[in-house]
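Colleague: In case you want the letters, here they are:
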Amino acid sequence: MNAIVRVGAILMITAAAATPATAQSLFATRGLGVPVYPVDARAAALGGIGVGIIGFHTSVVNPAELAGLTRRGVSAALQPISTSVDVEGVEDGTSGTRFPLVTVLYPVSPRLVMSLGYGGYLDQTWGVITRSEQDLNGEPTEIIDQLRSTGGISQLRLSGAWSFSPTFALGAAVGLMAGNVDRVAVRTFGDSANVIQPFDQRVRWRYSAPIAVLGFRWDPVNRLRLGASAMIGTDLEASNDEEDLPDVEYGSPLELAAGASYRLTSLLMATAGATWSRVPSPPTTTVSDETVRVGGGLEYQGLRSGLRTYPVRVGVRWAQLPYRLPDESRPTEWGAALGLGFRIGDPMDPAAVADFSIERGARTGLESTTITDGVEEQLWRVTFSLSLFAR
Amino acid sequence: MKRWSWMCCALLLAACTQDSPTEAGGGLLPPDAIRTFEVILPAERFLVRDTSFGLYASEPVFADFTIIANEYRGAVNSRVLLRYAIPSAVTVTDTLGVARVDSMPSFVGGRVRVLIDTLASTPRPTILELYQNTETWDRLSATWTHRVDTTGASIPWTVPGGSPGALIGSGVWTEGDSAFVPVDSATIALWSDTIANPEAGAILVSATADTRLRTVIPTLRLDVRSTLNPDTLFEIVLAPTRTFIFEPIQPDSVPEPRIGGTPSWRTMLQLRERLDTITVPCPGAPGCMVQLGDVNINYAALVLQPVTAPTGFEPEISLVLTLHAVLMSPEVPLQRSPVSAPVGFALSSLPPSSFLTPGAPPVELPATDFFRLVLSEPDSAVGFVPSTLALLHGGSPQAFGIGTFEEMPGLRLIITQATELRTP
Chain A
65 MNAIVRVGAI LMITAAAATP ATAQSLFATR GLGVPVYPVD ARAAALGGIG
115 VGIIGFHTSV VNPAELAGLT RRGVSAALQP ISTSVDVEGV EDGTSGTRFP
165 LVTVLYPVSP RLVMSLGYGG YLDQTWGVIT RSEQDLNGEP TEIIDQLRST
215 GGISQLRLSG AWSFSPTFAL GAAVGLMAGN VDRVAVRTFG DSANVIQPFD
265 QRVRWRYSAP IAVLGFRWDP VNRLRLGASA MIGTDLEASN DEEDLPDVEY
315 GSPLELAAGA SYRLTSLLMA TAGATWSRVP SPPTTTVSDE TVRVGGGLEY
365 QGLRSGLRTY PVRVGVRWAQ LPYRLPDESR PTEWGAALGL GFRIGDPMDP
415 AAVADFSIER GARTGLESTT ITDGVEEQLW RVTFSLSLFA R
Chain B
124 MKRWSWMCCA LLLAACTQDS PTEAGGGLLP PDAIRTFEVI LPAERFLVRD
174 TSFGLYASEP VFADFTIIAN EYRGAVNSRV LLRYAIPSAV TVTDTLGVAR
224 VDSMPSFVGG RVRVLIDTLA STPRPTILEL YQNTETWDRL SATWTHRVDT
274 TGASIPWTVP GGSPGALIGS GVWTEGDSAF VPVDSATIAL WSDTIANPEA
324 GAILVSATAD TRLRTVIPTL RLDVRSTLNP DTLFEIVLAP TRTFIFEPIQ
374 PDSVPEPRIG GTPSWRTMLQ LRERLDTITV PCPGAPGCMV QLGDVNINYA
424 ALVLQPVTAP TGFEPEISLV LTLHAVLMSP EVPLQRSPVS APVGFALSSL
474 PPSSFLTPGA PPVELPATDF FRLVLSEPDS AVGFVPSTLA LLHGGSPQAF
524 GIGTFEEMPG LRLIITQATE LRTP
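Those sequence lines, one after another, are chains A and B. Counted from 1, the first sequence has number 335 at position 271 by the numbering used here; the numbering is strictly sequential. Counted from 1, the second sequence has number 272 at position 149 by the numbering used here; the numbering is strictly sequential.
These are calculated hints, taken from the structure and not from any lab test. Beta carbons: idealized from backbone N, C-alpha and C, even for Gly. Incorrect hints may appear among the rest.
What the hints assert, rightly or not - If you only want the chain A side, here are some residues facing chain B, beta carbon under 8 Å, derived:
| no. | residue |
| --- | --- |
| 1 | Ile-118 |
| 2 | Arg-212 |
| 3 | Ile-260 |
All chains, please: the whole structure from these sequences, using the hints.
Modeller: Quick look at the structure:
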């Protein structure tokens with residue numbers, strides 16, 4: 065247990081103290097950014113919904129899925145992303161890393177399991193450089209602009225799951241949707257006399273909104289598991305430290321998620337799920353659409369070595385992205401993933417679990433009269449999650 | 124377990140890297156996400172007044188140059204008053220090679236050497252004449268009209284311009300950097316006799332019309348024969364007590380900006396209060412007005428229009444225009460208030476031609492950091508914020524001529540706003 069506490073503390077402190085880990089997307093230039101799914105690598109390889117999955121996973125979606133856990137532990141996921149961008153024939157590449165989730169798991173009794181953790185929600189990280197020319201001080205002057213946004217919104221949750229029976233559990237969570245975004249605008253001038261000083265403006269926005277989650281997990285028949293959850297929050301408030309910049313209030317978030325999995329054989333499981341969500345709507349002209357996300361996958365547990373199992377997973381997903389401008393088309397994304405698991409001990413109650421998935425995906429959309437071909441991002445996304453449990 | 128712990132930390136820390144922005148996607152942002160525009164504030168919006176004072180240090184007696192002029196541009200005359208103290212004893216090397224003091228030297232003649240700044244002088248042959256002065260003068264206060272002009276005494280010259288007497292000698296400057304005016308032994312003997320010739324000295328003038336020469340201090344080179352080594356002529360060099368006097372005399376104060384000159388000019392610009400509340404339109408953005416205290420100023424420069432200097436007083440050398448904060452205090456009159464180190468420099472020096480004819484290009488005096496301070500909202504955490512500025516010729520050497528500008532300069536501002544940051 066000491067080792068668990070130590071690793072958990074290291075994970076939490078490192079994640080809190082470090083520069084927020086984020087990954088760029090030009091789709092995050094719209095509204096409050098692009099969704100981050102708070103799922104571990106196992107769920108990411110199985111379609112990314114993270115609800116109604118038979119077996120252990122630590123996704124921060126449905127609190128009821130904690131039920132049945134018998135060991136205290138910590139779990140974290142790390143998600144490096146490499147993206148190639150194409151806008152109107154201009155191509156570039158970006159890369160970055162997210163932490164989709166960090167959580168501490170604590171079984172209070174055989175029926176009650178609690179957890180404290182955070183999961184991603186929206187990522188507003190993007191950075192753009194533009195070059196232009198303007199007549200200043202009587203001469204054509206090269207101008208280089210850097211606009212950068214770093215940060216996002218996460219969910220901090222205190223969750224609990226109660227097992228009414230081995231086949232049915234209810235879960236609930238309360239928490240805070242919180243985060244901050246640093247907006248930086250830098251303009252430099254290439255004047256020949258070098259007397260025009262650069263422009264540099266920074267604003268930090270902080271977000272907060274209380275949230276509550278309810279969910280259930282039900283195994284109606286042998287081999288079948290169903291799960292569903294609903295997350296709702298109050299209006300999201302954005303504040304800043306600038307004297308002349310008023311605070312902003314967004315709409316309230318709502319997310320409904322449902323999933324199911326079925327054990328086709330003793331070694332093969334199929335799962336699928338969907339979410340419907342309404343993200344906080346901005347009080348500007350930016351459009352926030354209600355979005356649907358679907359995903360599913362297969363897991364094969366035939367690879368074993370002694371007590372260790374090596375589950376192999378494949379999955380696909382498709383999702384709508386929530387924000388755009390009024391004259392832009394709706395953006396979407398898809399992904400196909402391959403995953404592998406490493407488990408020590410009982411597969412249903414492991415001592416340590418490490419999961420890995422690699423996903424190839426793309427985001428497209430935002431076609432408009434000014435950007436006729438829209439934006440296309442091809443991405444490679446790796447998710448690595450590690451859970452450690454006390455003996 | 125330990126291995127897993129280290130792996131976690133390594134992965135977490137490796138993840139915390141900052142990615143570079145992309146050069147694709149500029150079209151996704153509003154074209155005016157960052158907006159830069161120029162504004163020229165007319166003087167009446169930020170200045171209360173401007174006044175120039177020609178009172179400052181570097182009177183002719185303290186200058187390291189002299190001006191000799193004759194009807195320059197039909198207007199300016201200038202003469203150099205000189206007084207050489209002829210020594211009663213000299214140190215010489217005797218026939219044995221030992222340095223000794225000779226108290227009975229004989230001065231067989233000499234010459235005044237006039238070292239001319241050729242780039243700052245009229246480029247034409249000039250006759251220089253050295254006259255005996257017939258009246259004594261006060262080196263600190265002598266002017267074209269008065270040989271003494273102090274608080275307690277005001278004594279005019281009998282003849283304005285120094286009351287020249289007998290001609291001592293003359294020389295012609297044609298080219299090169301030096302001209303020599305011979306001085307005979309009788310004159311040297313006269314100058315040695317301070318009882319018969321009580322500190323009247325000499326006057327060096329130009330006898331060629333429409334000339335103006337800038338020279339270093341004229342020295343007297345004496346040929347000396349010593350009783351200790353009578354076969355050899357020695358030369359000793361004497362620096363004079365000197366000043367130069369000129370006409371027309373300039374007023375103490377004028378309304379238009381002036382810099383340079385001897386005595387030097389200083390222009391005081393008094394700023395209006397609460398410059399941060401000035402609003403200006405954003406060009407190209409209908410209905411947009413910004414308050415200067417709320418925007419980022421990338422460039423701020425006074426814009427001064429050179430005008431023709433008073434006839435004959437155009438600067439003989441290039442001027443360096445500098446801006447200073449005036450350190451005001453209630454006990455000290457404005458014209459005597461000290462000024463700070465420069466807070467702004469013109470990017471290039473101003474050639475004399477800028478002040479010779481109308482239509483010279485405007486001059487910009489950038490002082491961005493300074494104007495950022497005075498254009499910002501008052502903040503008790505900020506100490507002294509100047510309310511008065513001073514323009515002056517901050518270069519070296521000092522100039523005789525005067526740089527003159529149109530009244531009430533404008534202020535050019537380059538301003539940038541970021542609109543994209545306004546929404547979270």
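Colleague: Work down the list of hints and note, for each, if the structure agrees.
Modeller: Verification of the supplied hints:
no.	hint	in the structure
1	Ile-118	violated (26 Å)
2	Arg-212	holds (6 Å)
3	Ile-260	holds (5 Å)
Checked against the numbered hints given earlier, the structure breaks only hint 1 and satisfies all the rest.
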